[in-house]
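*Asks:* The lines below spell out each chain.
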Amino acid sequence: MLARLGAARSGGLLALALAVALLPLALGNQYLYDVAILVGLNAIVCVGLNLLIGYAGQISLGHAGFFALGGYGSAILAVRYGWPPLATLPVSVGSVTLLAFLIGRPILRLKGHYLAMATLGLGVIITVVLATADRFTGGPDGMSVPPLALFGRALAGERAWYWLVGALLLACVWLALNLVESPRGRALRALHGSEVAAEMIGIDSARHKLAVFVLSAGLAAAAGGLTAHYSGFITPSQGSFLRSIELVTMVVFGGMASTFGAVVGAAVLTTLPQLLTPLKDYEMVVFGAVMMFTMIFMPRGIVPTLAALFKPRTRG
Amino acid sequence: MSLLRAEGLSKEFGGVHAVQALEFAIQPGVVFSIIGPNGAGKTTLLNLITGIYRPSAGRIWLEERELTGLAPHRFAAAGIGRTFQNLQIFFNMSALENVMAGRYLHERCGLAAAMLRLPGLARAERACRDEARELLALVGLERYAEEASEGMPYGALKRLEIARALAARPRLLLLDEPAAGLNPTETQEIDRLIQRLAARGVTVVLVEHNMRLVMGVSDRVLVLDYGRKLAEGDAESVRRDPRVIEAYLGAEARDA
Chain V
18 MLARLGAARS GGLLALALAV ALLPLALGNQ YLYDVAILVG LNAIVCVGLN
68 LLIGYAGQIS LGHAGFFALG GYGSAILAVR YGWPPLATLP VSVGSVTLLA
118 FLIGRPILRL KGHYLAMATL GLGVIITVVL ATADRFTGGP DGMSVPPLAL
168 FGRALAGERA WYWLVGALLL ACVWLALNLV ESPRGRALRA LHGSEVAAEM
218 IGIDSARHKL AVFVLSAGLA AAAGGLTAHY SGFITPSQGS FLRSIELVTM
268 VVFGGMASTF GAVVGAAVLT TLPQLLTPLK DYEMVVFGAV MMFTMIFMPR
318 GIVPTLAALF KPRTRG
Chain A
13 MSLLRAEGLS KEFGGVHAVQ ALEFAIQPGV VFSIIGPNGA GKTTLLNLIT
63 GIYRPSAGRI WLEERELTGL APHRFAAAGI GRTFQNLQIF FNMSALENVM
113 AGRYLHERCG LAAAMLRLPG LARAERACRD EARELLALVG LERYAEEASE
163 GMPYGALKRL EIARALAARP RLLLLDEPAA GLNPTETQEI DRLIQRLAAR
213 GVTVVLVEHN MRLVMGVSDR VLVLDYGRKL AEGDAESVRR DPRVIEAYLG
263 AEARDA
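Line order of the protein sequences matches chains V and A.
Residue numbering for the first sequence is 18 to 333, as defined by my numbering.
Residue numbering for the second sequence is 13 to 268, as defined by my numbering.
None of these hints come from the bench; they were simulated from the model.
Heads up, a few of these hints could be off.
Take a look, some chain V residues computed to stay more than 12 Å from chain A by CB distance [as the list claims (entries may be wrong)]:
#	residue
1	V141
2	V146
3	D158
4	E198
5	P200
6	G202
7	L205
8	I220
9	G249
10	M273
Computed footprint of chain A on chain V; a stretch qualifies when at least three of its residues, placed anywhere within it, have a C-beta under 8 Å from a C-beta of chain A [claimed, not checked]:
#	stretch
11	190 to 197
12	208 to 215
A virtual CB, placed ideally from N, CA and C, is assigned to each residue, including glycine.
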């Protein structure tokens, strides 16, 4: 089964690469490209968030905060300080990562509902700061963000962005899959399974929780920065509580402890509202109904449920 | 030199003395059993010598190294492994992965190395998997290797915990009621397993209620009562100790 597991992993990666490569054939107009790019950016956040929630078993209801900070950091450095746009992104992501490290240390001592409350509070604080520090952020109305420029040439057009985001998503998925199947990934799953037993085989649970929290925050910040430069505009709502919930929902919907599940969850929950727009007022009702029925009939999420369905029955 | 040594070890929970001023030393290579009536402080003692509880007073050494006050994972790194009275299986992993996780201390790698799956890591992973399989075979669970641990029977999970603890190659292995809830056949398997471990040179600390198991495998027995040491000695002398008989069966049994 382990050999098959390895095959499933590279098979899944290949399938995802094919999907990214072939999808443009189906993308007839710029609007569809736009949706695909947003799917990719959300998927990058979800792959990281899934490492934290699905594998390490730690909740965060404030990850949209890191997403927004990544965007604002890059935007503020570029607009208010005139930094070249290619330098702003890494500095912004690095700063958010450092922030996550400093905040994560005290916060991750909490468990379960308490951790949920603390991360929720963190997200709310970030949104409030972004909305009130209007000298830097433009306040509740947001601010415009210059395009990303590579060696003097601005990265423009949906097609270019599509390939950039697609390549980054594939890289993130590959890195996440490797991590999960490594001793460190087992350590994360172990502390999810039983923290006391994990400690008893030598796993420093606090250190591992912090590392995966920082990693997922960094990925959220990177995706947030890219999103800001791509859309050319950013508002505090990018870091809102609802947005945090949306990200967690994508992870749970696609399937916890499944990297491909995170991608599928992001894809479905990003495109579904677009598909439902013709329903106008009933959009959210249908959206909610789809969510409820999926979770009732596939409580483990889409990808793990389907995987179990198609797995050859070897067990007696 | 003794492998583990405790001096004046005490643990108090809001005025209740769960363990009081315990002194003992465990010699390398022995099977050392801790027995006592319910509530005598056996599990508290195990939690003290694995760092899960911080002692209210007293000190703990593993050989010449003092461990008092360190985090549990440091006790593990120093060479102390354990199983749990109430199972603490990683139910989100297969049986084999549970044992592979136990190899953590010997498999450490950086975050970047793990994410980039550097070539050395793939080799180490194969070795880790092979060793985990051997350990599953040692405890008689090879047929469960690929199974989700969730679906395994209780007796098998008890042995899976032992295999996982062994994977860390502990110098001192603490077994907290390994036979609790097992039928006589399964208990015999645990008995044989402990003897195999002793033969491999693993020092075993056994907390157990099954007296036949304890008396059969132990080189030395520590009897606790109300958190204090009631008696200590080889199995035979403890069995005959009138204080032990009284604690277990009451004064009438002694007088009868």
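*Asks:* Now, for every hint given, state plainly whether the structure supports it.
*Replies:* Hints versus structure:
Distance check for V/V141 against chain A: the nearest CB is about 29 Å away, which clears 12 Å, and the non-interface claim stands. Listed as outside the interface, V/V146 is consistent with that label: its C-beta sits roughly 29 Å from the nearest C-beta of chain A, beyond the 12 Å cut-off. Every Cβ of chain A is farther than 12 Å from the Cβ of V/D158; the closest lies at roughly 39 Å, confirming the non-interface assignment. Annotated as non-interface, V/E198 brings its C-beta within 12 Å of a C-beta of chain A; the closest such distance is 8 Å.
Distance to chain A contradicts V/P200 as a non-interface residue, since its nearest Cβ pair spans about 4 Å, not more than 12 Å. A beta-carbon of chain A comes within 12 Å of the beta-carbon of V/G202; the shortest separation is about 7 Å. Distance check for V/L205 against chain A: the nearest CB is about 10 Å away, which does not clear 12 Å, and the non-interface claim fails. The claim that V/I220 lies off the interface is violated: its Cβ sits roughly 6 Å from the closest Cβ of chain A, which falls inside the 12 Å cut-off.
For V/G249, the shortest C-beta to C-beta distance to chain A comes to about 31 Å, beyond the 12 Å cut-off, and the non-interface label holds. A Cβ of chain A approaches the Cβ of V/M273 within 12 Å, the least distance being about 10 Å, so the stated non-interface status is violated. For the stretch 190 to 197 of chain V, the assignment as covered by chain A holds, since 4 residues bring a beta-carbon within under 8 Å of that chain's beta-carbons and 3 suffice. Requiring three or more residues with a Cβ within less than 8 Å of a Cβ of chain A, the coverage given for the stretch 208 to 215 of chain V holds, as 6 such residues are present.
The structure fails hints 4, 5, 6, 7, 8 and 10 (numbered hints given earlier, in ascending order).
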